[in-house]
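There are 2 protein chains.
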Amino acid sequence: MERVSDRADASRRRLLQAAADELIATGDVEVAAVARRAGMSAGLPYRYFGTRSGLMSALLEDFYERLIADTVLGHYEGATWLERWRAQVATWVEHMYADPLAPVVLGRMVGDARVAALEAQCFKRVIDLGAKHFAAGQAEGHVAGDRDPELLAAAVVGGMRAILAIVLDQDPRPDQQAVMREVWLFTVSALGVTGDRDGGAP
Amino acid sequence: MERVSDRADASRRRLLQAAADELIATGDVEVAAVARRAGMSAGLPYRYFGTRSGLMSALLEDFYERLIADTVLGHYEGATWLERWRAQVATWVEHMYADPLAPVVLGRMVGDARVAALEAQCFKRVIDLGAKHFAAGQAEGHVAGDRDPELLAAAVVGGMRAILAIVLDQDPRPDQQAVMREVWLFTVSALGVTGDRDGGAP
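Just so you know, the sequences run in chain order B and L.
So for the first sequence, the UniProt record's numbering puts the first residue at 1; every next one is plus one.
So for the second sequence, the UniProt record's numbering puts the first residue at 1; every next one is plus one.
Pulled out of the complex, with its shape left as it was, chain B reads as follows:
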């Protein structure tokens, strides 16, 4: 027997997917259009998300949760910190190229104060995780030791993000491998990686 909460989860997920599709197609989230797209009654988005702002916040949280689970908290193979960092950067570029919401979120999603605050908070979370990661890279001697890990993480994540905001907005998009090369060279330069910068990659 299907439980009520399972059905609720499925409806919530269907609405989120419809909201994402609506945002990608129109650049905005109109609640009535989202309900239509999901084939649900006009009142349902409000029941699940309270307000338009609640729906957009849930969408944004979902985007960052997937991004963080997939790329920041992922497990990477590699003998050294640098090899694992390379695998992580490659996964990040791949994820951004594959997620149709990425260009919308990176190109400034339209929202109210709550959405803007949530976006800033999600970005800060990525930076905090990055700071820990780069501090570990400093401890292993791969990352320049005289730098503040938090500001270094802000710079590297902010820079990677800005590169992707530019390329995902182009039509056609530039070749993913060429972009990966630029992102990779940017990160190893910015991190002050010396010596072998390939991270064991072919």
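Computed footprint of chain L on chain B, listed as stretches where at least three residues anywhere in the stretch have a Cβ under 8 Å from a Cβ of chain L: (1) 150–157; (2) 160–167; (3) 187–193.
Ranges between beta-carbon positions, derived for each pair: (4) B:ARG36 / L:ARG14: 39 to 47 Å; (5) L:THR51 / B:GLY145: 47 to 55 Å; (6) B:GLU61 / L:THR51: 24 to 32 Å; (7) L:VAL4 / B:ALA113: 35 to 43 Å; (8) B:ARG173 / L:ARG125: 17 to 25 Å; (9) L:LYS132 / B:ALA136: 31 to 39 Å; (10) L:GLY141 / B:ALA139: 30 to 38 Å; (11) B:ALA69 / L:GLU77: 45 to 53 Å; (12) B:LEU73 / L:ALA10: 50 to 58 Å; (13) L:GLY78 / B:ARG12: 56 to 64 Å; (14) B:ALA25 / L:ARG36: 33 to 41 Å; (15) B:GLY145 / L:ASP9: 48 to 56 Å; (16) L:ARG173 / B:ARG12: 34 to 42 Å; (17) L:ARG14 / B:ALA139: 50 to 58 Å.
If you want a taste of the chain B side facing chain L, the calculated C-beta under 10 Å gives, among others: (18) GLY111; (19) PHE123; (20) LYS124; (21) ALA144; (22) PRO174; (23) ALA178; (24) GLU182.
Simulated from the structure, these hints should not be mistaken for laboratory data.
Note that beta-carbon positions come from the ideal geometry of N, C-alpha and C, so glycine has one too.
Please arrange chain L on chain B, whose structure you already have, making use of the hints.
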């Protein structure tokens, strides 16, 4: 005799200043509150800016115009590209620390689709100017020659911006000279500057 257009300019400027003050104080721009703050009638902001969105767009344009005039298009003394770049980075950090609107704009200003599109367009303009500047640095041999100037500019500007977004949000703010050091080391590393990285600075 004061001309009508002079008076209109002064009113427009007074409204923009009030809107900036309102945004800094409350994080949002309420048109009626802006008119009150400027000591003007409630209808005047609409006469000058059309809509709330028009007012916010004008505010954002004003912010970027000042930033670009002050830092991107400024004239810098220095014998080499690197010396001039250092002067420019220092001016940029100073401008960001001094402009009370900077933390609001960098921390995601709340706006509608028009404001978001304008923000993306202003950021793109800074990147385009940066790309030209870095191509000149490549020609002079200071900047790594094997990199795409546009993506490099996106990365460097995006990284600088993210550092400032973090530090301007802190209370108290970290020491400006310490932040300048981090920003400077980030840019010279990311640009692939080799040899003397001081740019002739003391």
